[in-house]
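*Asks:* Chain by chain, the residues run as shown.
Protein chains: 2
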Amino acid sequence: MSEFKVIEVKQSVMENNDRKAEELRKELKANKTFLLNLMSSPGSGKTTTLRRTIEALKDELRIGVMEADIDSDVDAATIEKTGVKVIQLHTGGMCHLDAHMTRQGLENLGTEDVDLAILENIGNLVCPAEFDTGAVKNAMILSVPEGHDKPLKYPLMFTICDVLLINKIDVMEVFDFDLEKCKEYVWRLNPNMKVIPICAKTGEGVQEWADWLREQTLNWIR
Amino acid sequence: MSEFKVIEVKQSVMENNDRKAEELRKELKANKTFLLNLMSSPGSGKTTTLRRTIEALKDELRIGVMEADIDSDVDAATIEKTGVKVIQLHTGGMCHLDAHMTRQGLENLGTEDVDLAILENIGNLVCPAEFDTGAVKNAMILSVPEGHDKPLKYPLMFTICDVLLINKIDVMEVFDFDLEKCKEYVWRLNPNMKVIPICAKTGEGVQEWADWLREQTLNWIR
Chain A
1 MSEFKVIEVK QSVMENNDRK AEELRKELKA NKTFLLNLMS SPGSGKTTTL
51 RRTIEALKDE LRIGVMEADI DSDVDAATIE KTGVKVIQLH TGGMCHLDAH
101 MTRQGLENLG TEDVDLAILE NIGNLVCPAE FDTGAVKNAM ILSVPEGHDK
151 PLKYPLMFTI CDVLLINKID VMEVFDFDLE KCKEYVWRLN PNMKVIPICA
201 KTGEGVQEWA DWLREQTLNW IR
Chain B
223 MSEFKVIEVK QSVMENNDRK AEELRKELKA NKTFLLNLMS SPGSGKTTTL
273 RRTIEALKDE LRIGVMEADI DSDVDAATIE KTGVKVIQLH TGGMCHLDAH
323 MTRQGLENLG TEDVDLAILE NIGNLVCPAE FDTGAVKNAM ILSVPEGHDK
373 PLKYPLMFTI CDVLLINKID VMEVFDFDLE KCKEYVWRLN PNMKVIPICA
423 KTGEGVQEWA DWLREQTLNW IR
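Protein chains in written order, with the working numbering: chain A, 1 to 222; chain B, 223 to 444.
The set of hints was computed from the structure by calculation and includes no laboratory data.
On a predicted model such as this, the values are computed, not experimentally measured, just so you know.
Hints are supplied without guarantee of correctness; some may be wrong.
[Said to hold, decoys possible] Pairs of lysine to any residue residues, derived as SDA-like cross-links and limited to a Cα-Cα distance of at most 25 Å, are as follows:
id, chain 1, residue 1, chain 2, residue 2
1, B, 403, A, 71
2, A, 181, B, 393
3, B, 423, A, 71
[Unchecked claim] Taking CB as the label site, the calculated pair distances span:
id, chain 1, residue 1, chain 2, residue 2, range
4, A, 27, B, 300, 43 to 51 Å
5, A, 32, B, 352, 36 to 44 Å
6, B, 293, A, 195, 17 to 25 Å
7, B, 314, A, 5, 33 to 41 Å
C-beta: ideal position from N, C-alpha, C; glycine also.
Please construct the entire structure, taking both the sequences and the accompanying hints into account.
*Replies:* Structure below.
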């Protein structure tokens, strides 16, 4: 029997999202909790990457996870097995999370014993890019089967992220994925993007990603 | 130099979308044009599948394509090479098309010499499912690397579609994709869904899909 809470989060239509997001970030700073917003297409490997990330960092940081989904609980059930604190957020059909919904999630998760909170956003490259959740950093996963041209087609997502994980690099040859061309497209939109190729299935590259995330978290909460 | 038109389509906030969609379908019936709305995640192979579909049907049907994108033109440029009529729709950041936007597209495409119009919707499994475009049939592509559990996570999309193409079946073993489990999840949501496994890259399964689409089109326009 799963133990995690399931929260129905509701969007606030009356409030200014950017202001709400700034307020939330200030509170996170005061409370010494780092919030990562993890975004991608459906099926790019967010949950598997998250499991690897937790394995790599759970002995050093106290981690809490918020799994956002339209209405299933499968990801929260997977993450619960890693032993970290997890809650499931249901958006009731909404295609993204805003700062108000993220705050409801954090209040239900409880951040007093969490150094690193991770929000696994809805699988969608469009809408989540338009709403500041209040996260300290935005990460996205692009998986190799999606193709190296995706920065051309979903430019806002690639513009607002701080780090890009290129996942499933074990199948690069099968899909004629051109890593250099992908980086070129990304850096044209966002010269500061950190790009880390990984294979969440085998663990390749996960150490570099975990090192980056640990450093960001420790800088924020110290 | 590309010859296709690029149209900035705008959402109508004042009108009832369902009513607009019904009106559009009636006009399409009167004008003998079948409209297919093709949806999927980013990178699932919509454009490659569309190229194969055009190859299979262009000698029998007069085809017109509307490529919807946030703001790139790469897909329209690809489709233009097939020789069919194509226009590019830009949604200006919008994550889906509604009936009003689709109408603007069709007016610019011109349907008087089109038997089969195909709308390639924005790559997104959430929002496009919520807006009736006025299409006669909805098709979606799920690609194998996305995983067989996607019907559980994006149920509305799988509920509103008439046909599901499961693409990239050449890599089923690499990704431990369970086709029978996927069908079971799909049919639990939508017992009438037609499911066709394909590989757009090699052409496998495309004949069955083209046969289905030809039959639907001829039934509508005769």
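*Asks:* Does each hint fit the structure? Answer for all of them.
*Replies:* Consistency of the hints with the structure:
no. : hint                       : verdict
1   : B:403 to A:71              : 19 Å, holds
2   : A:181 to B:393             : 23 Å, holds
3   : B:423 to A:71              : 33 Å, violated
4   : A:27 to B:300: 43 to 51 Å  : 47 Å, holds
5   : A:32 to B:352: 36 to 44 Å  : 39 Å, holds
6   : B:293 to A:195: 17 to 25 Å : 22 Å, holds
7   : B:314 to A:5: 33 to 41 Å   : 38 Å, holds
Taken one by one, the earlier hints fail for this structure only at number 3.
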